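Protein sequences, first through last, are from chains S and C.
Each residue of the first sequence is one higher than the last, beginning at 1 in my numbering.
Each residue of the second sequence is one higher than the last, beginning at 264 in my numbering.
Worth double-checking, as some hints may not be accurate.
Unchecked claim - Each computed SDA-like pair below joins lysine to any residue, with the alpha-carbon atoms no more than 25 Å apart: (1) K454(C) x R429(C); (2) K422(C) x D178(S); (3) K39(S) x R251(S); (4) K444(C) x K159(S); (5) K462(C) x D227(S); (6) K477(C) x D293(C); (7) K422(C) x R166(S); (8) K422(C) x F114(S); (9) K140(S) x T109(S); (10) K218(S) x A55(S); (11) K444(C) x R251(S); (12) K181(S) x H515(C); (13) K181(S) x L470(C); (14) K383(C) x R85(S); (15) K383(C) x R429(C); (16) K181(S) x R464(C); (17) K383(C) x Q167(S); (18) K159(S) x R278(C); (19) K159(S) x L466(C); (20) K444(C) x D184(S); (21) K383(C) x S427(C); (22) K454(C) x R514(C); (23) K120(S) x I106(S); (24) K454(C) x H515(C); (25) K282(C) x F317(C); (26) K199(S) x A315(C); (27) K477(C) x D239(S).
Since the hints were derived computationally from the structure, they do not count as laboratory data.
Since this is a predicted model, take the numbers as computed values, not measurements.
2 protein chains.
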Amino acid sequence: LRGRSSAADARFVGRLAAKYQADFDIGSADVRAIAEKRKISIETAAREARYAFFAETARRRNCRTIFVAHHADDLVETFLINLFRGAGNAGLSAMREISTRRIDGIDLTIARPFLCVWRKEIDDYVGEHRLRFREDATNKNLTPLRNRIRHRIVPYLEKTVGRSIRQNIWRTAIIAADEEKWIDSELPDSKHADLSVVKLRALPIALQRRALLKWLRKQNVSDIGFDAIERVRSLADRDARIAKVNLPGNRHARRRAGKIFLE
Amino acid sequence: LRGRSSAADARFVGRLAAKYQADFDIGSADVRAIAEKRKISIETAAREARYAFFAETARRRNCRTIFVAHHADDLVETFLINLFRGAGNAGLSAMREISTRRIDGIDLTIARPFLCVWRKEIDDYVGEHRLRFREDATNKNLTPLRNRIRHRIVPYLEKTVGRSIRQNIWRTAIIAADEEKWIDSELPDSKHADLSVVKLRALPIALQRRALLKWLRKQNVSDIGFDAIERVRSLADRDARIAKVNLPGNRHARRRAGKIFLE
């Protein structure tokens, strides 16, 4: 996707792996085609292609833990993206130090050891140890919301509100993650392909939303926002007139015989 | 506090009450002196003086429900203030349509019927019905964080991210409030003046924080931030070396004989 710069990135990582005698796997995907076919955003398609590659590699190499390099600034940016998109609390805590994800029948553990390290600390380390590195060429493009948040909004907030703003948002995101972990443990199991309308209705509203989010994620529905959750939740209404609602990625939720299920 | 402009505000409301044949009570307080004496911010002192007046009036008039005029923009601003101060999730949902508060021995119900109405809709209504009104003279002062958020940050976010940003933050705040309501119902009762260390330790971290917040609020500790909660939580540590921590408003939490209590 990034063309020549992307190929140079790959060569750089390949040489680095050789130097450290580490195994090296590389994959590519036509992200634009996936996005069009599945009716999802380019960003979501890229993320899904990435995780499909992780799952495939994990299976082939017989390992189950993926380490990704998200750092504290990534966490803050993700928090703000989710907030600005109205994801609701569950979405606010999307990144955790340890999380699990089932992809193509493989249970992967995702570890993010740098989540409490700031980008600046990494830059300082890189400078101190004179490490060679490459900057992702797409980072400077202000079209993606993440880059506008990184280069415009966070600096503006620091100037207008104060230096500690990133630390404070980071802390809120960490608390949200701790709470989500606990709330998840309180939720009914979501391994079934369908949901009982009666059981869903018995939960408090806040838990209905969380239960639907957990279930939709388990069914691999992408880009689940508040609207999607509320649409599915409306299927459980006692006097619901609609029995089918649309979901991202050209999928549908349907209610029949006291059950909600996906198509 | 606002001097001449404040006196004119009061006269205006008095005339309005007379016109609608409504009872009218007025109170004043030396907020600066309260803030200095209790070592709290001017904003907090003003809020406490306001609620003390509400409680006193409620007792005298024998009514228990207070209607306040916070609107949707206030909710969004409060959410951002709490986020930028690192209040954690519980703080994010500070405003609810209906909440209760015990002040000076009186249980007050606080109703906010305008929480889902935008300032612009109120302005439109006022214009349409040619209602007379007064603007709070302190609104234009950019020193308080709230006013910088209102006049600078929200417009900047709308320009940089998109028009729907306020609606999306509003939605997140409402979800947070629904979740807080449910989490509150899951918490142990906080009516006791002390907390059992053993019981606190038995809760998941997320609930420990929520339980402490609920308890500190019940004990009328003001400006409870994440730091204050974590300090009190540290008293419950199995190998805690400190038995006393500072809280806002010149108060202290202490641990003795397996209990945490305030001084």
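Item to check | Hinted pair K422(C) and R166(S), Cα distance within 25 Å | outcome: Within the cut-off at roughly 21 Å; holds.
Checklist entry - Is the straight-line distance between the alpha-carbon of K422(C) and that of D178(S) 25 Å or less? => result violated, 33 Å
Checklist entry - Going straight from one Cα to the other, do K444(C) and R251(S) come out at no more than 25 Å? => result The given pair, whose Cα atoms are some 32 Å apart, is violated under the 25 Å limit.
Checklist entry - Between K218(S) and A55(S), does the CA-CA distance stay at or below 25 Å? => result holds, 16 Å
Checklist entry - Taken at face value, is the distance from the CA of H515(C) to the CA of K181(S) at most 25 Å? => result Violated, at roughly 31 Å.
Checklist entry - Are the Cα atoms of K181(S) and R464(C) separated by 25 Å or less? => result holds, 17 Å
Item to check | Straight-line alpha-carbon gap K383(C) to R85(S), limit 25 Å | outcome: holds, 22 Å
Checklist entry - Is it true that the CA of K444(C) sits at most 25 Å from the CA of K159(S)? => result violated, 35 Å
Checklist entry - Between K159(S) and L466(C), is the straight-line Cα distance small enough, at 25 Å or below? => result Since the Cα atoms of K159(S) and L466(C) sit roughly 39 Å apart, the hinted pair is violated (cutoff 25 Å).
Item to check | Restraint check for K454(C) with R514(C), where alpha carbons must lie at most 25 Å apart | outcome: OK: K454(C) and R514(C) at ~18 Å, within 25 Å.
Checklist entry - Given the hinted pair K199(S) and A315(C), is their alpha-carbon gap at most 25 Å? => result violated, 44 Å
Checklist entry - Between K282(C) and F317(C), does the CA-CA distance stay at or below 25 Å? => result Status holds; Cα separation ~22 Å.
Of the hints listed earlier, those the structure fails to meet are numbers 1, 2, 4, 5, 6, 8, 9, 11, 12, 17, 18, 19, 23, 26 and 27, in rising order.
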